[in-house]
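Please construct the entire structure, taking both the sequences and the accompanying hints into account.
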Amino acid sequence: MVLLLAAVGSLRAWGGDADSGSMLPGVLGDLPRLPVPGVGTAALSLGLLLVGSFVLGEIVALAGLPRVSGALLFGILTGPNLHAALAPPFPALVPQAELDYLQFVDALAVSLIGLVAGGEIRIEFLRRSGGMLARLVAAEMSGVLLLVGGGVAALSGTIPLLSERGTGERWYLVAVLAAMTVAKSPAIVTAMLRETRASGAFAHLALSITVVKDLSLVILVSALLAAWSTSGAGGGGAAALGVGWHLAGSLLVGAVFAAVLAAVTLRTRGRLDLLVVVVGFSIALAGRMLSIAPLLAGITAGFALANAAPNRSRRLFNSIDDLLPATYALFFAVAGARIGLSSLAALWPWALGISALRLAGIWCGMRAGCAWAGVRPPMRTWLWTSMVPQAGVSIALAAEARNAFAGQPWADLLHALLLSIVALHEIVGPPLLRLGLLQCGEVRR
Amino acid sequence: MNTLASATTLRGLPEAIAALAVGGTALLLAFLSLTRPAARLARWPLASALLGGGWIALACGVALGPLGAGLLRRESVAELEPLGQMCLAWIGLLVGMQMKGTLLAAVPTPLLRWITLDAVVSFVGAATVSWWALRTAAPQVDLRVMWPLLAMIGAASIGWSGELRSLHGLDARASGVPALIQGGAGLGSAIAIVASDLVTLKPGGSASLITTLAIAAAATVALRATLGTETGNQGRLTLALLGTLALVAGAAALAGASTLPGAFLLGMAITNLRGGSMRRMERLVAESEPAVAAVFFLLSGIILGRTPGWWPWIIAGGLLFVRIVAKPIVARIALGDAWDQPGARRLRPAPVRQAPIAVALAVAALLAHDTVAERGCLLALVLCGLGSGVLPLLWRART
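Taken in order, these protein sequences are the chains called A and E. In terms of the numbering used here, the first sequence has 327 at position 327, counting the first letter as 1, and numbering is strictly consecutive. In terms of the numbering used here, the second sequence has 1359 at position 359, counting the first letter as 1, and numbering is strictly consecutive.
No false leads were slipped in.
To spell it out: a stretch of chain A is covered by chain E in this simulated footprint if at least three of its residues, at any positions, have a beta carbon under 8 Å from a beta carbon of chain E; those stretches are:
hint: 1; segment: 42-49
hint: 2; segment: 275-282
hint: 3; segment: 318-329
Label-pair distances were calculated between CB atoms; the ranges are:
hint: 4; chain 1: E; residue 1: G1024; chain 2: A; residue 2: S142; range: 41 to 49 Å
hint: 5; chain 1: A; residue 1: P89; chain 2: E; residue 2: P1139; range: 48 to 56 Å
hint: 6; chain 1: E; residue 1: R1040; chain 2: A; residue 2: R128; range: 44 to 52 Å
hint: 7; chain 1: A; residue 1: W348; chain 2: E; residue 2: A1214; range: 39 to 47 Å
hint: 8; chain 1: E; residue 1: R1283; chain 2: A; residue 2: P409; range: 57 to 65 Å
hint: 9; chain 1: E; residue 1: G1024; chain 2: A; residue 2: R128; range: 34 to 42 Å
Hint data in this document are derived by calculation from the structure and do not stem from the laboratory. In this text, all values refer to a predicted model and were calculated from it rather than measured experimentally. A virtual CB, placed ideally from N, CA and C, is assigned to each residue, including glycine.
Below, the structure is given as structure tokens:
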């Protein structure tokens, strides 16, 4: 591992002996190269992050920690942010330009995670536990919204983002901050459940709550951001229509992909890995083109496939399973490399405070929800641990908020604060979830 | 509002449409290459030549790229470069994986004689024809400047069409012409990769090749040490394999070397190392061949740009001439009476068909250094491949 890092580091420092131009003149000479930063050598970062995450994941697994924590840690260690903070005399192992290019994996990961998460939820389970699920989600969301919202409102005079705002704007920002902290990570929950092979009541409930909560959150955040655009130039009717299409379109596109995948699995033979990759990108691209949410579309497709054609879809889900470790390793390593250490260093007191409020909100909400829904110990004691992780969805929501508030003097500060909170939960979330699974007896030590 | 799509790197709608077109075509091709009807269709000679040679995928790529509908902008084409490098690494790995010690030790003498003679004649013949054609386009260019390009074309002309891992099908006891043709196709691809990278080595270029090979060797050791004898988890194998391949491809790109030799070395190491994980990895790579080939040829079609002048067409004609005239003569000299036996007569056009590795070598050269000359050579090899695939079929239909 050390040798590999040294080899890649020296290769980057040396830069190879690649030609800058050919000696071929006239009609055979150079074509003007287009400056697409980070593309030419992005494969090196891709390989380093995959192999490094894999090896470090194995090492941290020996210490009883989740493998995704190893991937996150490797991303932090090799990423450009730590390099910028330490300013060593050698180049970054994963330069910023290559990291930007590798963000394409987010799109793929979100789609595949959606497919897997949707495929894990069975109609029978929803019929049987729908009421309990609704109570748990409502209680947990209320707990986080109340404690984070209340705490931030109470301390708003000391938080730089809020202290200089007018009353209306301040309350609106408090609502946005509170809503954003409700988000959790289907990626981490799915990855942890796959890694630990947990399949008991805790695992099913944790994943179902995550999916239902993120669906509710998309509606909540869409409404909040639509309210902002409505207060500006946009019309209320158009915003509502946009939100409606965002949800309905996602479900529709997901159903179309489910039908296509069902037909494909029926007519093909052999491995479906490449097909899965292409489908993942297609869902992401459809999301971009049609203004729908790839995660929702993926969840719908996975849910429809797994419940409507359980036997036929097995081969497809097996293929996704084979790709998930690579997808997760890259997704979390890239997420780790993107953690804004400078923002974290500057905003850590507020990020830590809001994170503490979030944790308290999750704990209180889940305890109340478990009592309301009749969940028994030890799950009643430990289910809150599955609500802690934050990652891709939260980062995407933060980016979306920054886009929506573009031009506001506080937009970048809000984004940095949200990312700092996500970074903290990204790091502590997986070990906590593993602890919960261990305590509930769904994973062997 | 699009809550999650902002995570993608796509910037504008037209690019998204273009990327969707590529994704959709790749989906369709990957789907087609995996269907049962495709397997049945491949028994038909013309369909086999088109599907096996990757020409349908390549035509789709041409249709989407700058030569066709122009759906993809040059920035988008440039952004596909890492995918091309990964496909090349996969191809190098496939070819390297047939270099099993026991298999190589069992290669029959007639095949060794045949492939050695073929390598020398094809290399010299193709390089000479190309030199003559390139001189017409740029008379002032010195041979030393042109040499890497000529050597690449020469190496690309070695061997003949077959699967990239055809040597696996060679039975040491079978010395019949069909077995020799099949085994020779695989062996020819391996020789082409080695020849291309050794002969085109520039002064000082050995450092980049050595670095790439060293990273490939280090990655193999890390791979073997981490996976151990694990046989159970396919996902972890896929992760380790993809990571190692990307590392090799990226190191080669940074060092300005070709992706193929490092991946070839990796394939050789994997196939000769013991352990269940290595065997599962071999199966994983072999099973993905049709789908990866489809994507590679699609990308090759996309990057096939416009080339000024007719010289690529002249090179293609010359290469085709060398194949049609020289390859059967070489086979006859190397195999003697076996070539004239009644059973072998219908197989005579087989060595004329250009190996798929030829396009891979040209794409590797183009990714390492994008010049008009490299683009022209890719076009020439594509044209020659198409011609050498179709002409034997016409000959067969006539007889």
